[in-house]
Amino acid sequence: GESVGLHLPTLSVQEGDNSIINCAYSNSASDYFIWYKQESGKGPQFIIDIRSNMDKRQGQRVTVLLNKTVKHLSLQIAATQPGDSAVYFCAEKANFGNEKLTFGTGTRLTIIP
Amino acid sequence: KAGVTQTPRYLIKTRGQQVTLSCSPISGHRSVSWYQQTPGQGLQFLFEYFSETQRNKGNFPGRFSGRQFSNSRSEMNVSTLELGDSALYLCASSLYRGLNEKLFFGSGTQLSVL
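Note that the protein sequences, when read in sequence, are chains A and B. With my numbering as the guide, the letters of the first sequence map in order to residues 296 to 408. With my numbering as the guide, the letters of the second sequence map in order to residues 933 to 1046.
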């Protein structure tokens, strides 16, 4: 069935470097994408979102890129900090009036001091 | 503004028992969704409520049920617990229903079934 998946389960990045987390999706009807960050013992925290009519959106130290041609989503975190260590999930929602978010499996990002 | 509040934070039950989890959405939010998170299956959608009506349901057995009250607070119930029901149950709220509505999650209820 349709699913949202991630390329890598773990990623280690040196503090201060930039990190890129990738996500592939297969539902061509997906119209809205979200990145969440989940720290240990907490629920997912909203980071940034993007609609399918955009290919890039920037937030504070984060940028989401959307390539609809290859159904690929990425999250770029600039100048990583120890507090960025967490599991990152991409999620998608299709425009059927269906409120269900379909989540990827997650990538564990570890910032090396 | 307070975030999504879930109670209890931790719960231990035995097989065959039932359990009720509670969720208070962000003030003013009217849509509440529930998700199950396990290491093996990741985050799976359970159901969504809006205006006290279930609007969407995931692929879970009928043992999983929920409801929403007039103040938007929601509860979910799992009857005849099985070992495989051990998971983190997350509640999320949004202002309304809609494609671009952001979901805000609580910290979850960690359920252990022995």
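It should be emphasised that the hints constitute simulated quantities derived from the structure, not laboratory data. Careful: at least some of the hints might be erroneous.
Claimed, not checked - So the derived list for chain A, only partly shown, Cβ under 10 Å to chain B, looks like this: (1) F341; (2) K351; (3) G399.
Only a predicted model underlies this, so the values are computations on that prediction, with no experimental measurement involved. C-beta atoms are modelled at their ideal positions from N, C-alpha and C, and glycine is treated no differently.
Against the structure, the hints:
{"no.": "1", "hint": "F341", "verdict": "holds, 6 Å"}
{"no.": "2", "hint": "K351", "verdict": "violated, 17 Å"}
{"no.": "3", "hint": "G399", "verdict": "holds, 8 Å"}
Of the numbered hints listed earlier, the single one contradicted by the structure is hint 2.
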